[in-house]
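These are the residues of each chain, in order.
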Amino acid sequence: MSTPYAKLPAWADYGLIPLINLIVAFAVAGLVVLLVGENPLRAAGLMLEGAFGSGRNIAYTLYYSTSFIFTGLAVAVAFHGGLFNIGGEGQAYIGGLGVGLVCLTFDSILPWWLTFPLAILGAAAVGAGWAFIPAYLQAKRGSHIVITTIMFNFIAASLMVYLLVGPLKPANSMAPQTRNFLEGGQLPKLNWLIELFGGTVRSSPFNLSFLLALLCAFLVWLLIWRTRLGYEIRTQGHSPKAARYAGIGETRIIIITMMISGALAGMMALNPVMGDQGRLQLDFVTGAGFVGIAAALMGRSHPAGIVPAAILFGMLYQGGAELAFEMPNISRDMIVIIQGLVILFAGALENMFRPAAQSLFASISPRSMGVAASRSGGA
Amino acid sequence: MAENAIELVGINKSFGAVHANRDINLAIPRGTIQGIIGENGAGKSTLMSILYGFYQADSGEIRVNGKPATIATPNDAIAAGIGMVHQHFMLVQNFTVLENVILGAEGEALLNRSISRARSELRRLEKEYGLEVDPDAIVEDLPVGLQQRVEILKALYRGADILILDEPTGVLTPAEADHLFRILAQLKAEGKTVVLITHKLREIMAITDNVAVMRQGQLVASRATKDTTVEELAELMVGRRVLLRVEKGEAAPGDVMLSVRNLTVKDGRGCTVVKDVSFDVKAGEIVGIAGVAGNGQSELIETISGIRRAESGTVSLKGTLLDVTRHVDPGDLRDWGLAHVPEDRHHVGLVLPFEESENAILGYHDHPRYRKGPFLDIERIRQSAREQMTRYDIRPANERLKTANFSGGNQQKIVLAREIEKDPDVLIVGQPTRGVDVGAIEFIHKRLIEMRDAGKAVLIVSVELDEIRSLSDRILVMFDGRIVGERKGDASEGDLGLLMAGVEQREAAE
Amino acid sequence: MDFFNTLIVVLDSTVRLSIPLLFACLAGLYSERAGVFDIGLEGKMLAAAFASASVAAVTGSAWLALGAAVLISVFFALVHGFASITHRGNQIVSGVALNFIAAGTTVILGQAWFQQGGRTPSLGAEARFNAITLPFAEAARDIPVIGFVYYELLSGHSILVYVAFFMVFATWWILFRTRFGLRLRAVGENPAAVDTAGISVAWLRYRAVICTGILCGFAGTYLALAQNAGFVKDMTAGKGYIALAALIFAKWRPVPAMFACLLFGFLDALAIRLQGTPLPMVGRVPAQFFQALPYILTVILLAGFIGKAIPPRAGGVPYVKER
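Residue numbers (the numbering used here), protein chains in the order written: chain A, 14 to 392; chain B, 268 to 777; chain C, 1128 to 1450.
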């Protein structure tokens, strides 16, 4: 049996179990808060306040979420193809190079709405290219993609440091970053969107790439569930043997899937680089590539789950930053813990509560369980 | 000391709804070789796994040397003097022979002494039973026959008095098998008790003292080998089941649609599993390939349908020669009119987490009917899935339901509907009704006959002799990778049973 | 002579920089040889570094600190075991999760307990593992070549350095000369063989991850109490992953693991030494190149261009008893 625990109703499978896992993750995080001598409930309240308390806070929350939507989608696409792309961090970092080069080249001659599509292409192409090598090595030489993508994260980091302290740094500057982009290399802010709903935002980094992220979420859904390619990716991911039977080329699917994944991760760079900082600088990814893993696991690799999961993490990032003002003992690193706990409980331990949930369901509605059991018994 | 090494009393074991062992009673006298014979899935391996502590019986008693024994783990079995040679060897491939032999029986925390002890013990066993094998060889470098010897040595090193061998000759060449039998005879001479599980009648006749026949979880007969015949055993093994009658008229074979010539195929481990096989299938006939599982049938149809590469030989489809020694795209074969219902529907023929309608297009997702540019035409796909479900009486009739939630029979109908509906010229079906309920069996058989009557070439592979006999116009029997005989569809069970057991081939060779 | 002196100094710092890699690499070796992939070496090392620095700051005892580090690291290892052995969860996911939990918890607790922005207080000499001068090192110092090598390279390291090199041979011995090692190697290759031999697969694997935890404890302690004088946020800085790369590079064998770690440590030492200095023939090589080199080499190795790194056959796959 490929799925030993497949006997829960769908709503429990997709709703209840993730919810239980999430609650446990937060409960453990609450223990850490207790451990440092603060009240977890008050912390949670402050965090919510910090994330949604004002228009500006909401704008920041959505700014962070934007990055996580991209990286979450990237991880999810790879998951669908049965691949674990742990290299989103590096693909996003290197994707910044695509954005940066496009902006530095065109910001003086093109308006932003012409630079933007070019930057999207640049980010996606560089991210996809960075994912191509591990994909090729996996498909053709059997190198474990988890290990190679980790290695590529570090190689990307070294490469970017080299470029930013060297070739890309303006001659008269000390800081390891490019020159500031002109207006043609900056995305418009979306503060008006919040103000439309009555919030007030004086300044925030919330920008147009949020809408691009939502569009990508829709496109990923379209790709995975509505196109022939997506069908092939899912078939390969669920059952390589069935894929071979169906005449689906394994090499081709591995490479295409990883390149799409890398392109999505690369596009994450648009948000901080072109949308906020207006220049390419060190370490702008700040772990978003890894948050993507958590978002994809929590969102069950479905865009409709990933977007809320990404917003949840955006909320944690923004709320956590505000929380740190009120409770100096709790810095933004609290989020890293929560993120780790979510990955642990929603990912590695996802089946821990399943047997309990199953026996619970069996005791409530023996009939529905009985039908499922006899079916699988006859299979 | 009791006379019987092992007594099994009233053993029962179920896996979910499957009653794998039903009230088994068996006494095995000490110092004899006991054969246990039966078709695949008759419950032989389950019974032996219970004896070795891998499973627990639901009820019943095991007595070892006359005393009731609780065997809850392999450790208990080892302590009771029971050793087992598994069908799939339980060896660590990159360990030496010595390391494999002492694993779990090291005796002390440091290896130095256990290794030198094992070395001298192996030398003794080697002399006593003719079990020569280089103790310092790495197991993965050894041929299969020697690996099996390591398994036997493992059991003997642990002091086994009772040795169970599960289908030991399946992976051996005839010469290796003969050597194994000499070893077993030697073990018997030394007073050990041997239990030999097999489905090969020849082996039973050649080596055992007593034989027990299992069928559908039950022990149907026990005989002294000298008092029985191959014919009787074949009949007991297959049983006089009520033949599922399928109404069918005379076949009207037409042109050759599928032609296989001198096909030779190796499996993943590099063993040649299909050996120089040639046959034709004509339009308007059903050709059945009979044989005990594992005799190359699976690899044969996988090669024909483009999933596996051949070493040599050719396949032609409607007169077009396919280069099967290179990669053939199964998608192209579909376009050229070949449809394939694979043996393993759970992992190959279906993607269980998919919706039914998604599985209804597996392999045909590029078909113009189902696509709109790069997109799938979801409406059309669901619509045609609904129609198929009605025509093939697939229940529950919900094309959005996860495929894993359908019963075995309905899953098989999903695959069959998909492959038949594309109106192929050649249809290959592996195990048409494995794990399928009786009602669905009849339905599926009727459809296959209809295909034949519509002038299609149908090739079926089944380990169910009944099924082969009731469907086929011609029957080919495979044994050890070769086609060892061809019979008409009305051949007798006994006749086929002998072919399947490799008896005639053996006689011809001698 | 000047070149010789420089070489010895670079080799000396090679040794220092290799030690955390070596501990972590050997740690990973136990787990992965038993069939449990562990990309959580980084997190365990980090948690251990924090635990040792905290305990050393509070008690002033380096040995107590080492004990605490080992305990915490083993705890993390057991969580990994619980997820991947008992609940058959995805080992990669579990490792990633634990790395995050370690990264976050160390800073949060550090800030709460010591109020120094996630650092622990700077440790005095008495609370650290200090350099030991080997016998006669001072006297031998002036003997040309041999004496200098003895003094500069072999002498003057903390006890943990010697422990690390000792562990290489201890690990080799355990793996290839003891019953435990035999079974550990077997369970990473074919757990079914171990199971049918009457040995508990789960308990064996748990023992392996405990060994991993212990050695990661040493790695973290070395970082915080020997190489540095306290804990700094994210002080492992990817060393756990380099150790993983070294493990692959060494094809999961102890003695080659030592050489792989020394190689990667040498690259690191060279990068520091060469900062800004042009090399003959090639000119200036950016330091980042040396930093990336271990990863690049590992990828090339994984691709099978220089030999083939074949991981333990059952690695990453939870054991399910077959029907």
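Don't read these hints as lab results, they were simulated from the structure. Quantities reported herein were computed from a predicted structural model and do not represent experimental measurements. Accuracy of the hints is not assured; some may be wrong.
[Said to hold, decoys possible] 16 Å max Cα-Cα, derived EDC-like pairs, lysine to aspartate or glutamate:
| id | chain 1 | residue 1 | chain 2 | residue 2 |
| --- | --- | --- | --- | --- |
| 1 | B | K669 | A | D26 |
| 2 | B | K669 | B | E622 |
| 3 | A | K254 | B | D611 |
Taking the hints in turn, this is what the structure says about them:
no. : hint              : in the structure
1   : K669(B) / D26(A)  : 13 Å, holds
2   : K669(B) / E622(B) : 4 Å, holds
3   : K254(A) / D611(B) : 10 Å, holds
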